[in-house]
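Turn these sequences into a full structure, and let the hints steer you where they fit.
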Amino acid sequence: MSAAGLQGLRPWLVQRISAAYIALFLVYLVMTTFSINLFSAANWRGWVAWPGHNIAMGLFIISILWHAWIGVRDVILDYVGNVFSRLLLLTLVALVLLGSGLWGIRALILVMS
Amino acid sequence: MSVPDNRPYFLNLVKIRLPLPGIISIFHRISGVVLFLAIPFAVYLLDLSLQNDQGFRDAAELLQQPLIKLLLLVLAWSIIHHFYAGIRFLLIDFDIGVHKAASRIGAMLVIAAELLTLGILLVSVYP
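Residue numbers (the numbering used here), protein chains in the order written: chain A, 52 to 164; chain B, 16 to 142.
What the hints contain is simulated information worked out from the structure, not anything from laboratory work.
A couple of the hints might just be wrong.
To be verified - Each pair of labels, with its calculated beta carbon distance range:
no., chain 1, residue 1, chain 2, residue 2, range
1, B, L35, A, L161, 41 to 49 angstroms
2, A, L141, B, H114, 30 to 38 angstroms
3, B, K30, A, G59, 27 to 35 angstroms
4, A, S91, B, F56, 21 to 29 angstroms
5, A, L139, B, R72, 38 to 46 angstroms
6, B, L35, A, L146, 33 to 41 angstroms
7, B, Y141, A, L138, 36 to 44 angstroms
8, A, L139, B, I135, 39 to 47 angstroms
9, B, L35, A, A107, 18 to 26 angstroms
10, A, L139, B, I120, 40 to 48 angstroms
11, B, I41, A, L138, 24 to 32 angstroms
12, A, L77, B, H114, 24 to 32 angstroms
13, A, L138, B, P81, 49 to 57 angstroms
14, A, L153, B, N21, 49 to 57 angstroms
Stated by the list, open to error - Non-contacting residues of chain A with respect to chain B, defined by C-beta distances greater than 10 angstroms in every case (computed):
no., residue
15, Q58
16, G59
17, L60
18, R61
19, A71
20, S86
21, I87
22, W101
23, G103
24, S114
25, L128
26, G132
27, S136
28, L139
29, T142
Claimed, not checked - Example chain B residues on the side facing chain A (calculated, C-beta under 7 angstroms, incomplete):
no., residue
30, P55
31, L61
32, D62
33, D68
Beta carbons: idealized from backbone N, C-alpha and C, even for Gly.
Next comes the structure, spelled out in structure tokens:
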């Protein structure tokens, strides 16, 4: 397949793979609350600080950002026709997502130290 | 040869009557945008709750504010709707529940699962 042919397929696929990961992680998180009380500061920090969960949450953050980027990008492309407004909104969305992502990953790294 | 086009053509959003799967679909989009807007707030809460015991207490206290609690209700609905409607769309990608009758049943299952989950959440965690 040519590079041009991949343009719509790749985001489509990323959207679905990230959706599956987000859904599975959420189910795991909800099921965890049945065995561990995560509404306690020490338990919550301990749970997140365990390397497996820490990395799983990092992947969760990346999945959400990527998923949200594709979804919001599609919404903007559907409803905003003006090229300048599009560019401005897409830039804003990208900045919010990247900023949130870095902030979240930083919090995950700090809890390990 | 041109066929006269007698299909109703409403630009008035209030007049559009979407079928159930269409309602599920537009709310999937709306809930997605709502969840996107909540990302910075969620990350703030994550950071705060992981800092120390005081941060965790501050985060818990923040979530008890009346206005925030109302917002949480909207976010809870958004996650739950996006989750079940999303599963339906993934199944449709695998050719499950595509045709009219099955699609309608799928949409009804989404609403049922959504109301059940929201109900459980409202009586267990929310208060």
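Of the numbered hints stated previously, which ones are contradicted by the structure, given in increasing order?
9, 13 and 19
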